[in-house]
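> Okay, here's what each chain looks like letter by letter:
Protein chains: 2
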Amino acid sequence: MTRYKLTIEYKGSDYCGWQRQDDVPTIQQAIEEAIHGFCQQDVAVHASGRTDAGVHARGQVAHVDMGEFSRVMEPFEVAKAINAFLRPQPISIVSAEIVADDFEARYHAVGKLYQYRIVNRSSFPAIEQGLVWHVKRPLDVKAMHEAAQVLVGHHDFTTFRDSQCQAKSAEKTLDRLDVKTHTYDDYGGQEIIFEAEARSFLHHQVRNMVGTLALVGEGKWSADDLKSALAAKDRTKGGPTAPADGLYLVRVDY
Amino acid sequence: MTRYKLTIEYKGSDYCGWQRQDDVPTIQQAIEEAIHGFCQQDVAVHASGRTDAGVHARGQVAHVDMGEFSRVMEPFEVAKAINAFLRPQPISIVSAEIVADDFEARYHAVGKLYQYRIVNRSSFPAIEQGLVWHVKRPLDVKAMHEAAQVLVGHHDFTTFRDSQCQAKSAEKTLDRLDVKTHTYDDYGGQEIIFEAEARSFLHHQVRNMVGTLALVGEGKWSADDLKSALAAKDRTKGGPTAPADGLYLVRVDY
Numbered sequence: 005m006t007r008y009k010l011t012i013e014y015k016g017s018d019y020c021g022w023q024r025q026d027d028v029p030t031i032q033q034a035i036e037e038a039i040h041g042f043c044q045q046d047v048a049v050h051a052s053g054r055t056d057a058g059v060h061a062r063g064q065v066a067h068v069d070m071g072e073f074s075r076v077m078e079p080f081e082v083a084k085a086i087n088a089f090l091r092p093q094p095i096s097i098v099s100a101e102i103v104a105d106d107f108e109a110r111y112h113a114v115g116k117l118y119q120y121r122i123v124n125r126s127s128f129p130a131i132e133q134g135l136v137w138h139v140k141r142p143l144d145v146k147a148m149h150e151a152a153q154v155l156v157g158h159h160d161f162t163t164f165r166d167s168q169c170q171a172k173s174a175e176k177t178l179d180r181l182d183v184k185t186h187t188y189d190d191y192g193g194q195e196i197i198f199e200a201e202a203r204s205f206l207h208h209q210v211r212n213m214v215g216t217l218a219l220v221g222e223g224k225w226s227a228d229d230l231k232s233a234l235a236a237k238d239r240t241k242g243g244p245t246a247p248a249d250g251l252y253l254v255r256v257d258y
Numbered sequence: 005m006t007r008y009k010l011t012i013e014y015k016g017s018d019y020c021g022w023q024r025q026d027d028v029p030t031i032q033q034a035i036e037e038a039i040h041g042f043c044q045q046d047v048a049v050h051a052s053g054r055t056d057a058g059v060h061a062r063g064q065v066a067h068v069d070m071g072e073f074s075r076v077m078e079p080f081e082v083a084k085a086i087n088a089f090l091r092p093q094p095i096s097i098v099s100a101e102i103v104a105d106d107f108e109a110r111y112h113a114v115g116k117l118y119q120y121r122i123v124n125r126s127s128f129p130a131i132e133q134g135l136v137w138h139v140k141r142p143l144d145v146k147a148m149h150e151a152a153q154v155l156v157g158h159h160d161f162t163t164f165r166d167s168q169c170q171a172k173s174a175e176k177t178l179d180r181l182d183v184k185t186h187t188y189d190d191y192g193g194q195e196i197i198f199e200a201e202a203r204s205f206l207h208h209q210v211r212n213m214v215g216t217l218a219l220v221g222e223g224k225w226s227a228d229d230l231k232s233a234l235a236a237k238d239r240t241k242g243g244p245t246a247p248a249d250g251l252y253l254v255r256v257d258y
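Sequences listed follow chains A and B, in order.
In short: position in the first sequence from 1, add 4, done, that's the numbering used here.
In short: position in the second sequence from 1, add 4, done, that's the numbering used here.
Be careful, since some hints might not be right.
Repeated chains share a single entry, so a pair holds when one copy, or any two copies, can fit it.
Taking lysine to aspartate or glutamate pairs in the EDC-like style, the calculated list, with each CA pair at most 20 Å apart, reads [said to hold, decoys possible]:
1. LYS9 / GLU101
2. LYS241 / ASP160
3. LYS176 / GLU199
4. LYS241 / ASP69
5. LYS231 / GLU72
6. LYS140 / GLU101
7. LYS224 / ASP26
8. LYS140 / ASP27
9. LYS9 / GLU81
10. LYS140 / ASP46
11. LYS140 / GLU81
12. LYS140 / GLU78
13. LYS146 / GLU36
14. LYS237 / ASP46
15. LYS84 / GLU132
16. LYS241 / ASP46
17. LYS231 / ASP18
It should be emphasised that the hints constitute simulated quantities derived from the structure, not laboratory data.
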């Protein structure tokens, strides 16, 4: 057997998340079936972490043990072959490489980058439907970015953690949380990008932070309100969970 | 009656272009039906120009005569009402404004900006499927941008004009044609953006210019080859037509 590290892009809109489940389409199942189509092997594909229903990835990473294709095929040809069996699904193996037999996509990850996209304007985003969160009320990007710095560092993130989260501890170190904008069109709209980097995240952490920062952007909350919510270590003191549509797992570092 | 100028965004993938036709879905028909749904009036919506099947718009402009809603509704409320009847279609009125009764979206346009997007990497673009042209062979952006300057200025663009084009003259002035890139991911891929500005364009002109510049990007053609092709005034001397998926009508100037 040879262990491959796969870097994977997907549009999560029509999938019930990464993790294989009965009777519903998942990214993991689609890739395992494509690998089966390619080489008739029943494999398990292990990701750096689950993504929820509707969440997208530009650089999810997974490992999988497959036959010794390396004797006859380059890794990029293996990726190409799996991609041929993934068509026409919106899942693409962006790169494949051979790694050591003990490489673990989940346990060896040392960092992750998530992006979250908001289209902030009155009218419905026709082109980016399903790929962004549509927020109609004008958001103050500078206020959100400044308030976001309250969350950077080592904290107990219970306020921003889903009640179903199974992590033993809610303590995490958030390395970076930036909120940026670029003018999106000539009609007063803007696209807003959040970037969050950490060694790892709690379940729904990014979406809960974005949903809460949107309250700051609307002027309903101050940075001090955010600080108090964080200190409360109570999910009910946080803001709402932003929709899955805008979230992208962009990169996993090893 | 009141004349409204509408600025419209749409994802063209599932439509047979702007112009109303029998038995196939078009953008024009969808908007006219939404306006009918809103105010029970049979209206004709006149665009700045047609877009082809599969082509997108961020800022198509059209005019339409409707009842005197201005006595009771602000223009943005009119846009909102039409949008409610457009749901869930990927068409969105981004803005509406009242204009003079003799305003003509087509004849008063003094400039247009088109963008064309290429995802240039080996693997299939899962997230941007239908929104970009996927080119697998590496393209030299600098060479394409330099060669593109051959096309800027006043020329006979017969080489880049569809054989079905109905314009009386093939002479046009291309004000700007820029080719830019940004690193798209960490796996060697790049996204390439073409921007073309002119008072008006011939049928398929942008897509034919992009398809021909891709030959330059691949190293098959030089800037001199492009110059000769332009001088030949012969469509058969030009490169292929780039697919509709990557083309966006971004802005119309008045």
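> 20 Å Cα cut-off: does LYS231 pair with ASP18 within a copy, between copies, both or neither?
neither (36 Å within a copy, 47 Å between copies)
> Under a CA distance limit of 20 Å, which applies to LYS9 and GLU81: within one copy, between copies, both, or neither?
Within one copy only: 14 Å inside, 52 Å across.
> Under a CA distance limit of 20 Å, which applies to LYS146 and GLU36: within one copy, between copies, both, or neither?
neither (43 Å within a copy, 40 Å between copies)
> Between LYS241 and ASP69, at a C-alpha cutoff of 20 Å, which is it: within one copy, between copies, both, or neither?
neither (44 Å within a copy, 50 Å between copies)
> Between copies, within a copy, both or neither: which fits LYS140 and ASP46 at Cα up to 20 Å?
neither (47 Å within a copy, 30 Å between copies)
> Should LYS241 paired with ASP160 be assigned to within, between, both, or neither, using CA atoms and 20 Å as the limit?
within (14 Å within a copy, 66 Å between copies)
> Within a copy, between copies, both or neither: where do LYS237 and ASP46 come within 20 Å Cα-Cα?
Neither, since 43 Å and 58 Å both go past 20 Å.
> Could you place LYS224 and ASP26 in one of the four classes (within, between, both, neither) given a Cα distance threshold of 20 Å?
neither (42 Å within a copy, 50 Å between copies)
> At most 20 Å between alpha carbons: which applies to LYS140 and GLU81, within, between, both or neither?
Between copies only: 14 Å across, 45 Å inside.
> Have a look at LYS140 and ASP27 and pick one of within, between, both or neither, based on CA distance no larger than 20 Å.
Neither, since 36 Å and 35 Å both go past 20 Å.
> Indicate which option fits the pair LYS241, ASP46 if close means a Cα-Cα distance not exceeding 20 Å: within, between, both or neither.
neither (45 Å within a copy, 51 Å between copies)
> Given identical chains, is LYS140 near GLU78, meaning Cα to Cα at most 20 Å, within a copy, between copies, both, or neither?
Only across copies: LYS140 and GLU78 sit 17 Å apart there, 48 Å inside one copy, limit 20 Å.
When the structure is compared with the earlier hints, violations turn up for hints 4, 5, 7, 8, 10, 13, 14, 16, 17 and for no others.
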